[in-house]
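Based on the sequences and whatever the hints tell you, model everything.
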Amino acid sequence: MMPWKVSPSPVGEYDVPKDDEQVTEARVKVDGVTKVFTSTTNGRRVEALQEVSLHVETGEFVCLLGPSGCGKSTLLNILAGFERPTKGEVLVSGHRVSGPGPDRGYVFQEPALFDWMSVWGNVKFGLVCNPDTRKRFPDPDKQVQQCIELVGLKGFEHTFPNFLSGGMKQRVAIARALAPDPDMLLMDEPFGALDAQTRYLMQGALLEIWERTRKTIVFVTHSIEEAVFLADRVVVMTARPGKIKWIDRIQVCRPRDLSDMSLMETRARLFELIGTEMKETEA
Amino acid sequence: MKQSNEEFPSRGGPGRWLRPALTLVAALSLWEIAAVLKLAPPFLLPTPLTVLETWISLAKGEAIGMAPLLSDIWISLQRQLIGFGLAILIAVPAGFFMGAFPKATESLLSPFRFLYPVPTIAWVPLTLLWFGPGWRSILFITFLSAFWPAFFNTYEGVRNLSRLHVRVARIFGATPLVYFFKVAIPGSLPFTLTGLRLSYGASWRMLVAAEILLATSGLGYVIDQSRSMLRTDQVMAGIATIGCIGYLTERFVFDALESVTIARWGIRRAERR
Chain B
30 MMPWKVSPSP VGEYDVPKDD EQVTEARVKV DGVTKVFTST TNGRRVEALQ EVSLHVETGE
90 FVCLLGPSGC GKSTLLNILA GFERPTKGEV LVSGHRVSGP GPDRGYVFQE PALFDWMSVW
150 GNVKFGLVCN PDTRKRFPDP DKQVQQCIEL VGLKGFEHTF PNFLSGGMKQ RVAIARALAP
210 DPDMLLMDEP FGALDAQTRY LMQGALLEIW ERTRKTIVFV THSIEEAVFL ADRVVVMTAR
270 PGKIKWIDRI QVCRPRDLSD MSLMETRARL FELIGTEMKE TEA
Chain L
3 MKQSNEEFPS RGGPGRWLRP ALTLVAALSL WEIAAVLKLA PPFLLPTPLT VLETWISLAK
63 GEAIGMAPLL SDIWISLQRQ LIGFGLAILI AVPAGFFMGA FPKATESLLS PFRFLYPVPT
123 IAWVPLTLLW FGPGWRSILF ITFLSAFWPA FFNTYEGVRN LSRLHVRVAR IFGATPLVYF
183 FKVAIPGSLP FTLTGLRLSY GASWRMLVAA EILLATSGLG YVIDQSRSML RTDQVMAGIA
243 TIGCIGYLTE RFVFDALESV TIARWGIRRA ERR
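Protein chains in written order, with the numbering used here: chain B, 30 to 312; chain L, 3 to 275.
Accuracy of the hints is not assured; some may be wrong.
As the list claims (entries may be wrong) - Mimicking DSS-like on lysine-lysine, the simulated pairs with C-alpha atoms at most 30 Å apart in a straight line are:
id, chain 1, residue 1, chain 2, residue 2
1, B, 164, L, 184
2, B, 171, L, 105
3, B, 116, B, 272
4, B, 244, L, 184
If you're looking for bench data, these hints aren't it; they were derived computationally from the structure.
In this text, all values refer to a predicted model and were calculated from it rather than measured experimentally.
Right, dumping it as structure tokens:
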């Protein structure tokens with residue numbers, strides 16, 4: 030008998046589309062992606078990702094979870110187009126990813142804001158960067174205002190980033206990523222540098238934004254609590270070479286209470302999985 | 003909206019000018035005491051008041067054998083502005099370009115690294131051979147001394163641009179022009195401004211040295227001419243003028259430039275070289 034309500038699925042089950050409909054539904058298709066880095070100093074080859082396949086549905090919130098160095102950030106960078114896979118391919122909205130683009134908003138661990146632009150200027154940046162987006166947003170100011178209100182920064186439009194707190198800076202970064210109306214958001218431990226209190230608030234804020242925009246989100250974290258609190262699906266990755274070890278679908282309604290029995294069980298299970306993974310790396 | 007931050011305390015209140023003023027009064031008093039006690043012969047150590055009187059007569063053009071001070075100030079300022087101006091017109095774009103393409107311009111950087119530590123004063127004999135005494139030599143020396151800080155700081159500023167900002171620009175598909183004007187230039191501005199400040203100071207100091215050695219006008223000439231007439235009071239008045247002009251420029255040109263840019267953005271200025 031399984032002690033938990035949500036039955037975990039073995040690796041791969043989600044990766045095989047059950048019917049054609051699901052194929053068209055998938056926002057992100059990662060197929061057999063392998064990434065090998067070759068060191069420039071000694072020529073040693075390091076396999077960061079090995080045969081990773083994953084589908085993410087439109088509007089889904091997926092967390093990539095794993096010990097540090099497991100290649101979860103590499104996978105995110107491949108999705109963003111910063112890195113090219115050595116083998117395999119990545120499709121986003123049906124198009125093969127060949128480089129970064131405004132259809133995939135990205136939020137870094139550091140806010141990476143432009144210190145010399147006000148909140149307004151930062152959010153507007155992505156809308157006035159090139160002729161295409163300028164054509165797409167003939168009235169950028171309206172879009173900027175909406176995004177700033179969405180992340181709850183109304184009244185701070187003309188403040189410069191260095192006068193904002195860490196959480197507020199990260200809100201600006203989210204608004205900036207959302208401004209060109211991307212198909213999805215890629216988030217690389219966006220709350221990793223925040224204190225526990227702010228982090229908790231930001232998780233709530235992100236869920237609210239997600240519920241209002243229904244953007245597909247791929248969120249990298251090494252915090253089990255964070256993954257369990259946020260995600261529709263938690264994807265656990267193994268230590269180098271990074272492979273998908275486990276996928277957990279969490280069906281508990283939001284807002285979630287982490288002391289909920291089934292979530293406690295999920296947490297315990299994920300904790301054990303990651304624990305074994307870390308022991309293996311140390312050995 | 004009024005912004006405040008503990009890291010950037012407001013510099014208002016009477017303390018802003020009172021403390022420096024008190025320090026100045028204390029220093030002048032010590033000087034006065036030393037002069038009154040005749041620790042040195044009066045013709046070598048005049049009192050502050052004598053220096054002030056001398057300064058006024060210099061300014062009025064009443065001093066024997068001296069042109070009105072204002073004309074020398076004007077001549078020095080012109081030389082400084084032309085030399086410094088030309089230097090930054092070349093050094094800042096050059097630093098920017100070489101910082102943006104470090105691999106391609108590596109071969110250019112090593113001669114720069116070699117020339118940079120040569121004190122500009124060491125160029126004076128060569129300058130004399132090339133251009134003879136006069137404005138061309140002075141301009142060359144001022145130019146040279148202003149070039150290096152502006153160049154190296156701009157170079158470092160561009161090298162220090164955030165890699166994350168490059169990624170942000172790539173995500174949004176920013177055109178090179180947008181990246182250049184909206185990210186690279188303002189992003190390296192703290193360094194560039196520090197470079198300009200240092201270049202200004204360096205060229206002002208070197209200008210005075212060049213005027214002592216190569217000129218028959220300007221503030222450097224004033225103090226050297228006064229020295230040859232054993233007029234210590236005039237030398238001191240000249241030094242005070244040189245100091246005041248340097249201070250006022252720092253205070254009203256560079257501080258003002260910073261207060262409308264990096265200080266407003268809450269960035270501290272880069273402390274380099």
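Now for the hints, and whether the structure bears them out:
1. Note on residue 164 of chain B and residue 184 of chain L: the hinted pairing holds, with a Cα-Cα distance of about 19 Å set against a maximum of 30 Å.
2. Pair hint residue 171 of chain B plus residue 105 of chain L does not hold up; C-alpha atoms about 43 Å apart against a cutoff of 30 Å.
3. Using a Cα cut-off of 30 Å, the hinted pair residue 116 of chain B and residue 272 of chain B holds, with the two alpha carbons roughly 14 Å apart.
4. Proposed proximity of residue 244 of chain B and residue 184 of chain L is supported: the alpha carbons are some 28 Å apart, at most 30 Å.
Violation of the numbered hints given earlier is confined to hint 2; every other hint is satisfied by the structure.
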